[in-house]
Amino acid sequence: MRLFVAVYPPDDVRRDLRRRLTEAVAGRRVRLTAVEKWHVTLAFLGEVPAERLPALEDALGGVTVPRGRELRLRGAGGFGGRVTWAGVEGDLAGLSERVRAAARQAGAPPDERPFTAHLTVMYAHDAAVSEALADYAGPPWALDGIALVRSDPGGAYTTLRTW
Numbered sequence: 001m002r003l004f005v006a007v008y009p010p011d012d013v014r015r016d017l018r019r020r021l022t023e024a025v026a027g028r029r030v031r032l033t034a035v036e037k038w039h040v041t042l043a044f045l046g047e048v049p050a051e052r053l054p055a056l057e058d059a060l061g062g063v064t065v066p067r068g069r070e071l072r073l074r075g076a077g078g079f080g081g082r083v084t085w086a087g088v089e090g091d092l093a094g095l096s097e098r099v100r101a102a103a104r105q106a107g108a109p110p111d112e113r114p115f116t117a118h119l120t121v122m123y124a125h126d127a128a129v130s131e132a133l134a135d136y137a138g139p140p141w142a143l144d145g146i147a148l149v150r151s152d153p154g155g156a157y158t159t160l161r162t163w
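Following the numbering used here, the numbering of the sequence shown begins with 1 at its first residue and continues without gaps.
The hints are simulated quantities; they were obtained by calculation from the structure and are not laboratory data. Predicted, not measured: the structure shown is a model, and the values here were computed from it. Treat the hints loosely; a few may be bogus.
Claimed, not checked - Pair by pair, the computed Cβ-Cβ distance ranges are:
id : residue 1 : residue 2 : range
1  : E36       : R67       : 17 to 25 Å
2  : Y123      : G27       : 16 to 24 Å
3  : R15       : E47       : 32 to 40 Å
4  : R69       : G27       : 19 to 27 Å
All residues carry an ideal CB built from backbone N, CA and C; glycine is no exception.
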């Protein structure tokens with residue numbers, strides 16, 4: 001199964017970003033990703049055999065999550081021509097590394113690309129959308145946990161467990 005570990009912003013934070021994006025994309029031929037799927041990936045694990053799942057859940061359950069840490073969506077950017085994203089303000093790098101270490105320990109090594117805290121809003125890079133979000137600062141929220149998520153065929157996400 002294809003897995004990742006993520007932080008999900010609360011609904012009010014996602015609604016605020018969607019309002020701003022709706023204005024930014026008005027009249028443009030672009031399509032946003034589904035708001036209910038918006039998340040910040042801490043570690044992409046890729047294909048993980050089902051028999052590794054119990055060890056992975058145990059290892060992730062031991063990760064110290066800095067609950068209450070203030071986070072905020074701020075600014076925007078892109079990865080090449082593939083993705084437009086909203087940036088995330090607040091330190092998630094240490095949490096990402098702890099999650100990655102736990103996954104390695106459980107035999108589910110993560111993708112080793114450097115961590116960049118972001119929330120993907122489009123699977124295409126649109127400089128005009130990034131520019132429109134450059135000064136965006138969403139409402140703050142308190143980190144309340146992490147989720148182990150399965151990426152299902154057809155693009156649906158299923159949360160397997162939260163901590």
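Structure-based check of each hint:
A hinted range of 17 to 25 Å holds for the C-beta pair E36 and R67, which are about 23 Å apart. Distance hint check for Y123 and G27: the Cβ-Cβ separation is about 20 Å, which falls inside the suggested range of 16 to 24 Å. Between R15 and E47 the beta carbons are some 33 Å apart, a value that agrees with the proposed interval 32 to 40 Å. Separated by about 38 Å at the C-beta atoms, R69 and G27 break the suggested range of 19 to 27 Å.
Checked against the numbered hints given earlier, this structure breaks only hint 4.
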